[in-house]
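A.B. asks: Here are the chains, one letter per residue:
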Amino acid sequence: MNAALELFIQQLINGLTLGMVYALIALGYTMVYGVIQLINFAHGEVFMVGAYLALTAIWILAALAGPLPFWVSFAALLVFSMAGSALLGATIEKVAYKPLRNSPRLTALITSIGVSFFLQNAVMLIYRSKEQSVPEIIPHVQVSLGRISFSLIQGVIFLTSIGLMIFLTWFVKNTKLGKAMRALAEDPEAACLMGISVDRVIRVTFILGSALASVAGVLFALYYGSVNFHDGYLAGLKAFTAAVFGGIGSIPGAMLGGVLLGVFEGLGAGYISSQWKDVFAFLLLVAVLISKPSGLLGENIPEKV
Amino acid sequence: MERISLKKSNLFKVATVFLPLALIPLFDHNPYHLDLFTTVGIYALLAMGLNVVVGFAGLLNLGYAAFFAIGAYTYALLSLHWHCPFWLGLPIAGLVSMFFGFLIGMPSIRVRGDYLAITTLGFGEIVRIAFNNLDAWTGGPNGLLGIARPKLWVPSFEGGLHFETWSFSVNPAPYGYLVLGLVAGTACLLLRLSDSKFGRALVAIREDELAASCMGIPTLKVKLYAFGVSSFIAGIAGCVFAAKQTIITPDSFDFVLSVLILAMVVLGGLGNLWGAVLGAAVLGTLPELLREFADYRMLVFGLIMILMMIFRPQGILGGQLIQRELDVRHKESADGAS
Amino acid sequence: MRTFKPRSLVIFFVLLLGAWTNGFAKDETVYIGLAAPLTGDQAYIGIGLLQGAQMAVEDANIKGPVFGLSGIKLLALDDQHNPTQAVLAANRLISDPRVAGIVGHFNSSCTKAASAIYHEARIAQITPASTNPEISRQGFDTFFRMCATDDVQGPTAAHFVYDRLKIRKIAVIDDKTTYGKGLADEFEKKFKALGGTVVSHDGITQGEKDFAPLLTKIRSLEPELLYYGGVYPELSLLIKQSRKLGLHAPWMGGDGIFDVTLIKLATPELSEGTFSTMLGVDPRSFPRARDFVARYEARFGEIGSFSAYAYDTVNLLIEAIRRAGTSDREAVLREVRNTRDFQGVLGTVNFDEKGDAVNQSVGIYKVENGKFVFLEEAKPEVR
Amino acid sequence: MALLEVKGVSKHFGGVSALSRVSLCVEEREIVGLIGPNGAGKTSFFNCLTGLLKVDEGKILLGRDQRVLSGMSSDRILEAGIARTFQNLRIFRNMTLLENVAIGFHARTRSGLWDAFVRSPRARKEEKMIFDQSRELLRFMGLESFGNEIAANLPYGHQKRLEIARALASSPRLLCLDEPVAGMNPSEKEALAGVIRKIREKNIAVLLIEHDMKVVMPLSDRLVVLDEGEVIAEGRPQDIKNNPRVIQAYLGEG
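Protein chains in written order, with the working numbering: chain A, 1 to 305; chain B, 1001 to 1338; chain C, 2001 to 2383; chain D, 3001 to 3254.
One should not assume that every hint holds.
To be verified - Here are the simulated PhoX-like cross-link-like pairs (lysine-lysine), alpha carbons at most 25 Å apart as the crow flies:
#1 Lys1013/B x Lys292/A
#2 Lys2244/C x Lys2371/C
#3 Lys3128/D x Lys1013/B
#4 Lys3125/D x Lys1013/B
#5 Lys176/A x Lys94/A
#6 Lys2366/C x Lys2190/C
#7 Lys3202/D x Lys292/A
#8 Lys3054/D x Lys3007/D
#9 Lys2264/C x Lys2190/C
#10 Lys1221/B x Lys3125/D
#11 Lys1221/B x Lys3054/D
#12 Lys3202/D x Lys3214/D
Said to hold, decoys possible - Take a look, some chain C residues computed to stay more than 12 Å from chain A by CB distance:
#13 Tyr2044
#14 Ala2193
#15 Asp2202
#16 Lys2209
#17 Asp2210
#18 Ala2212
#19 Thr2216
#20 Thr2261
#21 Ile2263
To be verified - Quick look at which bits of chain B chain A covers, simulated, 3 or more residues with Cβ under 8 Å:
#22 1043-1049
#23 1067-1081
#24 1301-1307
Keep in mind the hints are simulated off the structure, nothing from the lab.
Even for Gly, the Cβ is constructed at its ideal location relative to N, Cα and C.
Pulled out of the complex, with its shape left as it was, chain A reads as follows (with noise of 0.2 Å):
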């Protein structure tokens, strides 16, 4: 193969599996967006929350338990991170936004600025900001193909991004709770008249889309072998942009979402310049935005007259 195909390839890999991180995170943003139209600016520092809970396991394991084959340690790092994230998920919902159900919409999104600034500095009291490195849990083993090269951790990660993005589709269509949250997202008033309770639903809705964020933070901090409490901005930012842009509410709309913005930040750094990365970002979601405000899956819901 010609170096320019493999470099190619090599910037293909590069892009999707970053775009599979940020669609896991996407995935939490439109499921709560879907059902009660909130942009949860602190989703993004649930992911981190997630990353730190997984580093957290690791130290655990290690004074506990012995050596242990690796993908039992991957296991129980899920286990220990998505409890911890759900857990937190279930209590921004219910100590920060359940008092505003009914408030403008503003006021919701100021109420998730604040929880985010809370968490950021937070996780910094707690483990110092240094930057902290992650042990390496999923051994490095490398597939290469000339220059190409496919490591095991981008393996699991799009493994799992795609083995939840089913699971979740599954979900959605098929188990009542499932169908309660889309019922909910619309119409609530209707929603509520046939016996849904809407707070249970809601709170189900953020425990999965905290769950699924710090899925996205484990793979995250054993990808890339360091946690900075800093990471949540930026990461839920480009998260929230490929929620959009795949069409807010639809799920597989943010996997699309995620992996075409990975993608295209990963050829737009590789081919064209790195510093303007995040600018082809932005401007892809405004285009998108001004075009086809639905996203590319979402539904176009037209005003009642």
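Starting from the known structure of chain A, fit chains B, C and D onto it as the hints suggest.
C.D. replies: Here is chains B, C and D on its own, set in the frame of chain A:
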């Protein structure tokens, strides 16, 4: 109270609020307090400007720091390359920022609700990164240095009337007066705007854009005007900021600043001009008041924003619109639930 | 207007009044103002600086009062590495009459923004770590600098790569900050002047994590060495990701990456062979510094890369205050200016007319099995 | 010459054709009733007429100079002289009644943004005129005592009247009322019918969508019957009452 009488009192209200503030620089020469006073003044300008778009028209602009930056960089470049005096640079910075306000406003206002927030957020980031990367003009991350301070022509009478130039220096007192004047002037103009048919049109758009359009309001044009006025004010604030700091770097105009100004508008009371000013005062001084617990500052700042929204959503002063909206909602939920 | 519940407003005014009148009790102690990033993502550097400064003040108080009965105290303020906050902090420091001198700021953009204020207030300002050369070109007689400037550190590194390592083809990356970009530009300018070729010069955003696309592009250009202007968190990621992508050219950076955490983050195996220039000499390898490092680490744990610098800067200022015999700012300023051969833990310090440190030596280090090993000291050629 | 001429207007959403070749005209000072079973396309016709829906085929002409309205934006159509109310009541809930009505004057006043800032004499004069005439209109609709009340706090019947007052504020040549008396008790309906007659005396033509035959029959000079997007009958109320196609349309295939 009768509608007509209220209008005459705009000038009166502005005077009663801002005149006593003019006394502060006279009694308190502590440069730190005056610098804080000026910084809060600049925040007040920004909060009032953003209030036009967010408070009146309900258009959520999350990229407001970009216009603040455009104003600052415009004056910096004017002053560095063409030695343009501050008093000429001020309106030009406002106009350039207004131009970009229209440019960015044009596509954004066609977009609905939350998407407008994201479009403006995107533009805000693009402008900041552009300033950081275009090293040739903006000095990139090093920013622009040595921006001229405002000068005044002070008439002096020894040996016949002639004017010497007296330049602002590091002492923040003159900036305090400059900012106070701008804030008072802007407050007066915005109060007049909100009493005019444009103020009402903006509020109608916020209430029900479709009905407003059927009632003869050219909604896109009016929203664009709101964007224009709002970014003009940010341009002015940016120009003053550049003249005070004499050095500007892109990292002073990031997303956190846009969010901070938005929080001021909402905390003070949406759609309420005085709320915006008070929000600026509260959130401007809070980080300084909390300076003692240095590490915990931003933590407490976030906590206050959360608690404020739960216990006082209509903001400290209670924006009329939000206040009415909340009363209506409580009444409805009371009827519904009973 | 609707009546609003006065309760929330009353609380706010009480707070405001508290700040307004926290009057300055008249006491003898002389204060040294310190400004650095104490919160936010660079808090770890700021706190390292603060702890170094605290030790200097404690040592001075043990030695005896500075003059008359007055002891020394530190007034540390946080500027969150943001120029607007830096100006606010600077104004606060000069507004306190007991502050005799300023040690600060850390980031070049903050030091630059605050330098005008200190100049106006005629108070001595000594920065332990801002390396951007433009600050001392403003012609402020109140500005002094303990560390080498980028226009010294950059070219020194370029000479080392070109002459000692005989490398001709390199790639340059910087983190688009005042420090990072300043250093990378100086390095590139000198390296090209020497006849070397720079295949690419790219910028990354601080706080970013994924550099795979950029590194893949650079890999295709096959540089023999990669120079990075910036701080160690990003470099640790760059090192790991470049090795994974099969890009094995060595990395080189400036004082911003000279931190043992870099090796911990990037893992010793991958960071093997990374070069770094460091301002002055490594505290560990300098006899006088060894006991300071021991005392510091006994008390605060791992030494920060700039703690020793803060320690020296504060000591220099304290000695100037002792010589001045008063806390009057103009007198202290005069004494700081005629500092001769100050014996700090990091070597002797003299200031030139612009306030920059004279013949600040630049040490060249290399990572060998998990540690920064001192290679040689490069005397910067007189510019 | 007809005040309003609608020629062969069609509108389809995907396969469904809401309106197919609808033609009708309204004369000066005439009250025309637009009736038909639910889903006949009455409100869609209103939305096409007032620019909320783009017309797929056909033209809408207004006045002697036959200005083409189809394709104009809804605010320009209002400026041309067609004002409307809505089937499900779209008043500005958090504004006072006076402010609601004042919005109607927006197109009729010339002062610009600059006038507002400078508070030019023109702006002051227009503001005074707006509020005087708004009070006048509120009195006309019997709401004068609620001037500074928040619109949301008003009972449903008053809100309906407010919407009409707001439409009248732009001194239209044609007023389109979308089920003005829906949800009202008989005495309120009777009172509103009286007001509509008085509106006609201010030589404003009225195009009226209404289901309540007891109201629309006596009120309308002429009736147009729509069914499944087509005009199936037109004429004076008494002819329409026993027109077989109309009865069949209402009673269903049977």
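A.B. asks: Run the distance test for Lys1221/B versus Lys3054/D: straight-line Cα separation, threshold 25 Å.
C.D. replies: holds, 20 Å
A.B. asks: Does the claim that Ile2263/C lies outside the interface with chain A hold up, using a Cβ gap greater than 12 Å?
C.D. replies: Violated, because the least Cβ-Cβ distance between Ile2263/C and chain A comes to about 10 Å, which does not exceed 12 Å.
A.B. asks: Classify the label on Lys2209/C as holds or violated, using whether its beta-carbon is more than 12 Å from each beta-carbon of chain A.
C.D. replies: Label violated. Min Cβ-Cβ 5 Å, cutoff 12 Å.
A.B. asks: Against chain A, does Tyr2044/C hold up as non-interface, every C-beta pair farther apart than 12 Å?
C.D. replies: violated, 4 Å
A.B. asks: Lys2366/C and Lys2190/C were given as a pair; does the straight-line alpha-carbon distance stay at or below 25 Å?
C.D. replies: holds, 21 Å
A.B. asks: Keeping to a limit of 25 Å between CA atoms, is the pair of Lys176/A and Lys94/A held or broken?
C.D. replies: Cα-Cα ~22 Å, so holds.
A.B. asks: Decide, holds or violated, for the assertion that all CB atoms of chain A are farther than 12 Å from the CB of Ala2193/C.
C.D. replies: Non-interface label stands for Ala2193/C: nearest chain A Cβ at 24 Å, farther than 12 Å.
A.B. asks: Verify this for me: three or more residues of the stretch 1043-1049 of chain B with a beta carbon less than 8 Å from a beta carbon of chain A.
C.D. replies: Per the Cβ count (0), the hint is violated.
A.B. asks: Is the hinted pair Lys3054/D and Lys3007/D satisfied, with a Cα-Cα distance of at most 25 Å?
C.D. replies: It holds: about 15 Å lies between the C-alpha atoms, which stays within 25 Å.
A.B. asks: Checking one constraint from the list: CA of Lys3125/D to CA of Lys1013/B, max 25 Å. Satisfied?
C.D. replies: holds, 22 Å
A.B. asks: Is the Cβ of Thr2216/C farther than 12 Å from every Cβ of chain A?
C.D. replies: violated, 5 Å
A.B. asks: Assess, step by step, whether the Cα of Lys1013/B is no farther than 25 Å from the Cα of Lys292/A, and give holds or violated.
C.D. replies: Distance of about 46 Å is beyond 25 Å: violated.
When each numbered hint is compared with the structure, violations occur for hints 1, 7, 9, 13, 15, 16, 17, 18, 19, 20, 21, 22 and 23.
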